[in-house]
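Here is how the chains run, residue by residue.
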Amino acid sequence: MKQTEFLNTVLPLKDKVYRLAKRLLVSRDEAEDATQELYFKLWKNKKKLKDYKNVEAFAMTMTKNYCLDQLKAKRSNNLTLVHSNYKDGNISLQKEMELKDSVSKVHELIATLPEKQKMIIQLRDVENYEFEEIGKILDLQPTAVRVALSRARKTIREQLTKQHNYGIS
Amino acid sequence: MELANIENLLEKYDNAATSLQEEAILKEYFATEDVAPHLLEYKALFTYFNNNKEERFTKTIPLKRKQPNFWWLSIAASVVLMVSIYVSSNSEIDTITPQEQELAEQALKDTQKAFQLISQNLNKGGNVAIAGLSEFEKAQNKVFKTEQ
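Top line first, the protein sequences correspond to chains S and R. The numbers in the numbering used here rise by one with no breaks, and the one at position 25 of the first sequence is 25. Going from the second sequence to the numbering used here is simple: count from 1 and add 1000.
Everything labelled a hint here was simulated from the structure, so no lab data went into it. Note that beta-carbon positions come from the ideal geometry of N, C-alpha and C, so glycine has one too. Check before you lean on any hint, since a few could be wrong.
[Claimed, not checked] Every beta carbon over 10 Å from chain S, so not counted as near; a handful from chain R, in silico: (1) 1002; (2) 1004; (3) 1024; (4) 1040; (5) 1044; (6) 1081; (7) 1087; (8) 1117; (9) 1123; (10) 1131; (11) 1138.
[To be verified] Quick list of in silico lysine-lysine cross-link-like pairs, DSS-like style, CA-CA up to 30 Å: (12) 46/S - 1059/R; (13) 1027/R - 95/S; (14) 1053/R - 50/S; (15) 1027/R - 154/S; (16) 1059/R - 100/S; (17) 1027/R - 14/S; (18) 14/S - 1059/R; (19) 1059/R - 116/S; (20) 1053/R - 46/S.
Extracted from the complex, chain S is given alone in its bound form (with noise of 0.2 Å):
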């Protein structure tokens, strides 16, 4: 694989591993050093990359790997906060610094969801991956993605719903 074409297939894909690894590691700093590691290690297999039919999968697998080990390597209980930026919508400034409350309480919330389930939720809801894809990179059947998927999700929304109807504390 030459650099041209490393930088049109595998590249773009730096968004989409960053955010995993951010999901997983929780620090900005660690999932940005991450990513830079997991492309440097892409690079340096550059050769071997072209008999992976799915580089996209390949990447994500290495990915998910590569940050559940630096998991094991030091269970870091770190949990630097994480600043987000929220668009504004054009709702009345209760409504919205209700909504902004609870956009942030989905993060938490999903942190503090297991590390498999994390995972399915982040590459289903927000990177929009099929069944089958999940199952790939994470090397399970896409039946097991689906009730993974499923328990974190009503976990979420039952949280959700707990913390809406007593009110914001």
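Chain S is fixed; fit chain R onto it per the hints.
Chain R only, in chain S's frame:
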């Protein structure tokens, strides 16, 4: 999109039975402003997913990591080695002065003379010893009375 349809889709969504197209419909619906009040928690969820998708990797990706290059070090070492050998061999030749040369030649001559004297005297001694040996043989013949 009518509300009943959305609610229907949401139920499917919770069971992870929606297709990507159906999820896109949901995302679209919750991106609008008039969301039914009892579905507001879903709005947070889908807003979060949309926002998250916007997140970008902003750092640069260095493809070639800089590795320390030490190839010049070997050249430098060999140059130093060659220079040092050249300098030391030169200085050795330089240290021999004509006087020293003369002295050394004198010493060589003296030594050769001494060796010559020793070898001449050793030769004399050798002849005497051989003469003695023939005496010894005569005596032996007398004792054993050989047939001769």
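Is it true that the CA of residue 1027/R sits at most 30 Å from the CA of residue 95/S? holds (19 Å)
Does the no-contact call for residue 1138/R survive, Cβ to all of chain S over 10 Å? Holds: least Cβ distance 99 Å, greater than 10 Å.
Reported absence of residue 1044/R from the contact zone with chain S (all CB gaps over 10 Å): Check fails; 4 Å does not lie beyond 10 Å.
Is the nearest Cβ of chain S still more than 10 Å from the Cβ of residue 1024/R? Non-interface label on residue 1024/R violated, nearest chain S Cβ at 8 Å vs cutoff 10 Å.
Take the C-alpha atoms of residue 1053/R and residue 50/S, compute the straight-line distance between them, and say whether it is at most 30 Å. holds (27 Å)
Is the straight-line distance between the alpha-carbon of residue 1027/R and that of residue 14/S 30 Å or less? This hinted pair holds, its Cα atoms lying about 24 Å apart.
Does residue 14/S pair with residue 1059/R here, judged by a C-alpha cut-off of 30 Å? Since the Cα atoms of residue 14/S and residue 1059/R sit roughly 10 Å apart, the hinted pair holds (cutoff 30 Å).
Confirm or reject the statement that residue 1131/R sits farther than 10 Å, beta carbon to beta carbon, from all of chain S. Holds, since 93 Å exceeds 10 Å.
Determine whether the non-interface label on residue 1040/R survives the test: each CB of chain S must be over 10 Å from its CB. violated (7 Å)
Find the nearest Cβ of chain S to the Cβ of residue 1004/R and say whether that gap is larger than 10 Å. At about 19 Å from chain S, residue 1004/R clears the 10 Å cut-off, so the statement holds.
Does residue 1059/R lie within 30 Å of residue 46/S when you go C-alpha to C-alpha? holds (21 Å)
Over 10 Å from every CB of chain S: does residue 1117/R meet that, or does the non-interface label fail? holds (82 Å)
This entry does not satisfy hints 3, 4, 5, going by the numbered hints stated previously.
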